[in-house]
Each structure stands twice: as C-alpha cells, then as structure tokens.
Amino acid sequence: MADILVFCEVADGAVKKSARELLGKAQQLSDGDDVTAVLLGDSLSGVGDGLGAWGADKVVTVEADVLGSYVPGAYASALFQVVDDEQPDVVLASASVIGKDLLPRVAALAEAGCASDVVDLREGDDGIEGTRPLYAGKVLANVSIEDTAFFTVRPNSFVIEDIEEKDGDVEEFEAELEDDYGYEVVSVESSGGDTIDLAEADRIISGGRSLKSAENFAILQSAADKIGAAVGASRAAVDAGYAPHSMQVGQTGKTVNPSLYIAAGISGAIQHLAGMRTSKVIVAVNKDPDAPIFQHSTYGIVGDLFEVVPMLEQEFANLD
Amino acid sequence: MNIGVLLKQVPDTETRIKINGDADGIEEGDIKWIVNPYDEFAVEQALQVKAAVGGEVVIFSLGAARTLDAARTALAMGADRAVILDDDGYAGSDSLGVARALAKAAQEEGIELLFAGKQAIDDDAVQVPQIVGTLLEWPVATAITSYEQDGDSVTVKREVGGGQTEVVKVSLPAVFTADKGLNSPRYASLPGIMKAKSKPVKRYAPGDLGVDVGADEAKVTTNGYHLPPPRPAGRILEGELSDQVAELVKLLRQEAKVL
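Chains as they are written, first to last, in the working numbering: chain A, 3 to 322; chain B, -15 to 243.
Errors might be hidden in some of the hints.
What the hints assert, rightly or not - In silico EDC-like pairs for lysine to aspartate or glutamate, Cα to Cα no more than 20 Å straight-line:
| hint | chain 1 | residue 1 | chain 2 | residue 2 |
| --- | --- | --- | --- | --- |
| 1 | A | K289 | B | E231 |
| 2 | A | K140 | B | D227 |
| 3 | A | K140 | B | E224 |
| 4 | A | K289 | B | E224 |
| 5 | A | K228 | B | E231 |
| 6 | B | K153 | A | D181 |
| 7 | B | K153 | A | D322 |
| 8 | A | K289 | B | E12 |
| 9 | B | K153 | A | D182 |
| 10 | A | K140 | B | E12 |
| 11 | B | K16 | B | D108 |
| 12 | B | K241 | A | E163 |
| 13 | A | K282 | A | E163 |
| 14 | B | K241 | A | D204 |
| 15 | A | K289 | B | D227 |
| 16 | B | K153 | A | D227 |
| 17 | A | K282 | B | E239 |
| 18 | A | K140 | B | D(-4) |
| 19 | A | K140 | B | D108 |
| 20 | B | K16 | B | E150 |
| 21 | B | K234 | A | D227 |
| 22 | A | K282 | B | E231 |
| 23 | B | K241 | A | E186 |
| 24 | B | K164 | A | E191 |
| 25 | A | K140 | B | D14 |
| 26 | B | K153 | A | E186 |
| 27 | B | K234 | A | E180 |
| 28 | B | K241 | A | D227 |
| 29 | B | K164 | A | D241 |
| 30 | A | K140 | B | E11 |
| 31 | A | K140 | B | D8 |
| 32 | B | K153 | A | D67 |
| 33 | A | K140 | B | E231 |
| 34 | B | K234 | A | D322 |
The set of hints was computed from the structure by calculation and includes no laboratory data.
With the rest of the complex left out, here is chain A (with noise of 0.2 Å):
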C-alpha cells in the first residue's frame, strides 16, 4: 500500500513510452492506493490525456516557459513543490539523462533519501524496497529508504502486461518558479549518434572494431532499422574512430538494459559486458569460436558479420 508519485518525461509533445513501465509498475505497488503521473513542460496541453490508459489515477501537469528545456533546477523546483503538495510515499522517475539529473535534486528539496538506478522495485517489510547494481554491476544489494523514497528506475526493467485502466483526470498545478536559474539550454545540436537513446532502447545491434570502418557501421543500421533497434558500439570501435562516444555501450560508455542485445564481431572484453550485462537476450555473431562473448549469450552464430548481418536484415524484412 503506498501513494507513488511518478515523473513521466516528455518529448515532441508526447508522453515518453519509459512512463508507461514505470506507471504499470507503480499500479502494482500502489496496492489500491493512488499513482499520480507528473509532467513538466511548457505546452501541455492535451498532453496527459492519455495517461490513465497506463494506470494513473490522476495526472498533475506543471507549465510554465523555463520548463521549456530541461534546465535542472527549474524541474526539481516544480517537481519538489508537486511532492510537498501530494505528499507521496514513493517517487519515480526512470533513470534516464534527465531522471538521473532530477530526483536526487528533489530528494534533497524534500531531506528525503534516493536511491538511483534500480532494476528491481517490491513490497519490503517497511515499505517499497529495490535492488540496484553496484560495481558496474558486478554486485546487486538491495535499498531501503525510510519516510518519503525516491527511485529512479533503470529502463526496461519491468515487463508490464496488464494495466488497470485508471481515470486518469488531469489537473493544473501552478508552481512558483524563477525566471532564471542560471541555466541555459542554448541550443541542441546533432551529435552523430543514433536517434534512439540507447540507454532506454528495448533492441539494439551494436558492432566492434570488426566492423573496420565508420561507413560499416551502416550495415547495422539497415539490419536495426527493420526491427526498430538503437545501434550501439563497443569502446574498441570507438577508440578507433568508427563510432561516436555517444554509442559506446560498456563500463566508460552507456549501460544498456534492452531485451534483445545483438554483438557483432565484439569480442566481449569484461567492460563491455559491464555495460550490457542485463539484457533480457543476448546474441553474438563473430568469427572466433573462443570469443569470451559466446560465454555470456543466449544464442551464438560463429560467422563473419558482414555475411550474417545482411542475412539477419533480410530476416528481419521478413517478419510480419
């Protein structure tokens, strides 16, 4: 039994589908009691509308101009005053670039504790507890916070079936915020990687230093584009130029927690495995039989990639 309020990020005027885990999840925690869905922005309109469809009893949206961007402390102020009000006894938000930002912000507004990334949220003794990775994974421990917890939640990490669809009425809350916050998004700019944020990708086909060229790296993008996969890349990849930093899956790139992790020609050094090491289903495609990644997959093709890949796209044009 808990109150849980949970922050749904918003991007392009759309609820992002990361809220629908974290809503279904939190329906099933709450036990009876109520999900309240919070959004920030500043054109909202409309935009809740959908949210009792994922569980949420009521909806709370924030709109004000300096909620435009994501300018921190804008958000944790406008959130930390939704929190004062509602009064939850739980708090979520994914653990996305922004929630990771976010919540131990508003935590420390509300003298509350935090707990970030987990991959596990339950029913404990004395309220919801969770589970996190420590060590790049290497080790799991489980949290507990007392009065008021916060967690933000790692993508991915709960497979939600049945939602209760709940009334999900959507009300304004009018939050005092400063004008400035000395802060400013100036301006976004493309940086290469792919449009999928690997971090909350369900699929994703990431290439190694096999792939020998930038320009190959478009041989995983067609084959990932038929199943609606990120692409990703390993450090030996990137060290070598023919990926961006932003597409490095492993121990100083991105954790990925996806339910399909496809490894081209990546041998499968320990720091990559940091970076991939919970996804739901893992294959890897490599020349070398030895390769330590076979050790760690599900299903394993000993093969050249640029003969395998393109079977797979054809593969994958397949499906219906």
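Fit chain B to the given chain A structure using the hints.
This is chain B only, laid out in the frame that chain A set:
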C-alpha cells in the same frame, strides 16, 4: 578563483569484487585503490581553470583515512591543498549525508566553482554533485564534455542521449560534473609527487561542520549484497550460415519472444 574538486577513492576497475561476510560491503583486503576515473577529468579541468584565471584548487574528499592517498594524487597533479573528511562520524552516510558534508566544507573554504566526476564507479549513484549544488543553491551541469569560461559565464556541452548534444550556458558559482572526453588528465610528474607530500591537508569533523551525517541520519540503507544470477549456458547454432540465421530469428520470435 577558489576552485574545488570533489574526489572519491574507489577500487580499481580490474578488482575482483568479493562480498563481505555481512553482505553489506565488499572484502577490502586485496583491493588496489585509485582516484575515481571520472574525478581525474574534474581535477584536470580545475587545474586548467586555475591556469587561465589564477587562484587555488582545493581537493575535497570524504571517505576512510586512506582517501588521503587519492587526494595526494590530485595534489601531485597540481592541486594546492586538500580537505579530508575521514572522521568515523561520516561512516554510513547516504548520498544526502555525504553531500551535506561536502557542501558545508566547500562553503567554509570559500569555494566559488566546483568540479566533480559524473559518477563514482563503485556505487554508480550519480547523486552527490547534484545534491551539493542543490544545497548550495548553485546551478549544476552534469556530464559535461566541453568547458569554456568567460568571466562568470561558462558554456558547456552535455550529451543527452538520442544522438543529441546540449549547449548550455551556466552562471557561476556553479557545479560541473565531468564526463570522459572533457579533457586529457595530466600525469603527476615526479617533482609533483614530491611536492604533494607537503601540501596542506585540513580536516573537518561532522561537529565542525554542523551537518547531519552518518548511519543514524541516513535515510537510505544498502545491504543484502548478492551476485547477479548466472546466465544459463547459451547455444551456438550450427549448420549452413543462412539456415543458422533463419533459425536464430525463429528462436528470437518463438522461444525468447523478443521479436
């Protein structure tokens, strides 16, 4: 400028992690301790700012007594002095407690600009720098990959996923957390290492700072350490390559149900 750097001592990334008897930490016997790799970018950036505008670089580190060794590495790189928070009273602090102590110490030392690494590679919490900024009421820009200062105005870049980079303008005083690619951290020279031994080190106990820290004040308890469940042995497919690929996709759809 009085420039501060938040620095954490962590186990080397190659360390074989063994869970301790109480399952509330790891065995520390064989660990090689290092400066948190992301903090090296922070120290380097602080030194570059000092070179540009003058001032002092102060290292702040909260941890066990051995954390002084990590701070000395930064002193050897060129930082001027260290503030070490190693009193037993800090033990068991959660991120909020740690941040309270560091923020107060930075305030006591008159810091005007703070750098930190984007995350510590032991707990991967990604919390303390944001909380420090929140407590100081300073803006915090996280995971920056470039830094340009013009008086009190700083322009930084941050990668925000989805192949996008934000260009952000921040007013000082502020906190910046460093991502890989921000700069190339310099190596400590031998003269630097020698000089580091006699650079000033100051300590503050929790009572000196007047902050709520330690296990008693912590809201977050982390225990029950366990290993991730082992992945069951996988399957290497066989046969003609084209047949293998067809079989794979069938398995992904029907057996694994991920397509």
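Outcome of the hint check:
1. For the given pair, K289 (chain A) sits about 18 Å from E231 (chain B) by alpha-carbon distance, which is consistent with the 20 Å threshold.
2. For the proposed pair K140 (chain A) and D227 (chain B), the alpha carbon gap of about 36 Å is over 20 Å, so the pair is violated.
3. Proposed proximity of K140 (chain A) and E224 (chain B) is contradicted: the alpha carbons are some 37 Å apart, above 20 Å.
4. The straight-line distance between the Cα atoms of K289 (chain A) and E224 (chain B) is roughly 14 Å, inside the 20 Å bound, and the hint therefore holds.
5. Annotation: proposed proximity of K228 (chain A) to E231 (chain B) holds, straight-line Cα distance about 18 Å (limit 20 Å).
6. Under the criterion of a C-alpha separation no larger than 20 Å, the hint pairing K153 (chain B) with D181 (chain A) is consistent with the structure, at around 15 Å.
7. Note on K153 (chain B) and D322 (chain A): the hinted pairing is violated, with a Cα-Cα distance of about 47 Å set against a maximum of 20 Å.
8. Annotation: proposed proximity of K289 (chain A) to E12 (chain B) is violated, straight-line Cα distance about 39 Å (limit 20 Å).
9. At roughly 12 Å between alpha-carbon atoms, K153 (chain B) and D182 (chain A) fall within 20 Å of each other, so this suggested pair holds.
10. At most 20 Å may separate the alpha-carbon atoms for a hinted pair to count; K140 (chain A) and E12 (chain B) meet this at roughly 15 Å.
11. Only pairs whose Cα atoms come within 20 Å are accepted, and K16 (chain B) paired with D108 (chain B) is accepted, the gap being roughly 18 Å.
12. Note on K241 (chain B) and E163 (chain A): the hinted pairing holds, with a Cα-Cα distance of about 14 Å set against a maximum of 20 Å.
13. Between K282 (chain A) and E163 (chain A), the direct Cα distance comes to roughly 16 Å. Compliance with the 20 Å bound is thereby established for this hinted pair.
14. The suggested pairing of K241 (chain B) with D204 (chain A) holds, with an alpha-carbon distance near 13 Å, which does not exceed 20 Å.
15. With a C-alpha separation of about 17 Å, the suggested pairing of K289 (chain A) with D227 (chain B) holds against the 20 Å cut-off.
16. A C-alpha spacing of about 35 Å is found between K153 (chain B) and D227 (chain A), which places the hinted pair above 20 Å, so the restraint is violated.
17. Annotation: proposed proximity of K282 (chain A) to E239 (chain B) holds, straight-line Cα distance about 13 Å (limit 20 Å).
18. About 13 Å separates the Cα atoms of K140 (chain A) and D(-4) (chain B), which keeps this hinted pair within 20 Å; it holds.
19. Among the hinted pairs, K140 (chain A) with D108 (chain B) is consistent with the structure: their alpha-carbon atoms are about 12 Å apart, no more than 20 Å.
20. For the proposed pair K16 (chain B) and E150 (chain B), the alpha carbon gap of about 36 Å is over 20 Å, so the pair is violated.
21. Note on K234 (chain B) and D227 (chain A): the hinted pairing holds, with a Cα-Cα distance of about 19 Å set against a maximum of 20 Å.
22. As the CA atoms of K282 (chain A) and E231 (chain B) are separated by approximately 19 Å, the hinted pair is consistent with the 20 Å bound.
23. This hinted pair does not check out: K241 (chain B) and E186 (chain A) have alpha carbons roughly 44 Å apart, beyond 20 Å.
24. Taken as a hint, the K164 (chain B) and E191 (chain A) pair is honoured in the structure, with Cα atoms around 19 Å apart against an allowance of 20 Å.
25. Distance restraint check for K140 (chain A) and D14 (chain B): the Cα-Cα separation of roughly 17 Å lies within the 20 Å cut-off, and the hinted pair is therefore satisfied.
26. Simply put, K153 (chain B) and E186 (chain A) have alpha-carbon atoms about 5 Å apart, close enough for the 20 Å limit, and the pair holds.
27. A threshold of 20 Å between alpha carbons decides the hint, and for K234 (chain B) with E180 (chain A) the separation of about 55 Å lies outside it, so the pair is violated.
28. A C-alpha spacing of about 19 Å is found between K241 (chain B) and D227 (chain A), which places the hinted pair at or below 20 Å, so the restraint holds.
29. Distance restraint check for K164 (chain B) and D241 (chain A): the Cα-Cα separation of roughly 12 Å lies within the 20 Å cut-off, and the hinted pair is therefore satisfied.
30. Between K140 (chain A) and E11 (chain B) the CA atoms are separated by roughly 14 Å; this keeps the pair inside 20 Å, and the hint holds.
31. About 14 Å separates the Cα atoms of K140 (chain A) and D8 (chain B), which keeps this hinted pair within 20 Å; it holds.
32. Taking the CA atoms of K153 (chain B) and D67 (chain A), the gap is near 17 Å; set against the 20 Å cutoff, the hint holds.
33. At most 20 Å may separate the alpha-carbon atoms for a hinted pair to count; K140 (chain A) and E231 (chain B) exceed this at roughly 32 Å.
34. Of the pairs offered as hints, the one joining K234 (chain B) and D322 (chain A) holds, with about 12 Å between alpha carbons and a cut-off of 20 Å not exceeded.
Of the numbered hints stated above, those contradicted by the structure are hints 2, 3, 7, 8, 16, 20, 23, 27, 33, listed in ascending order.
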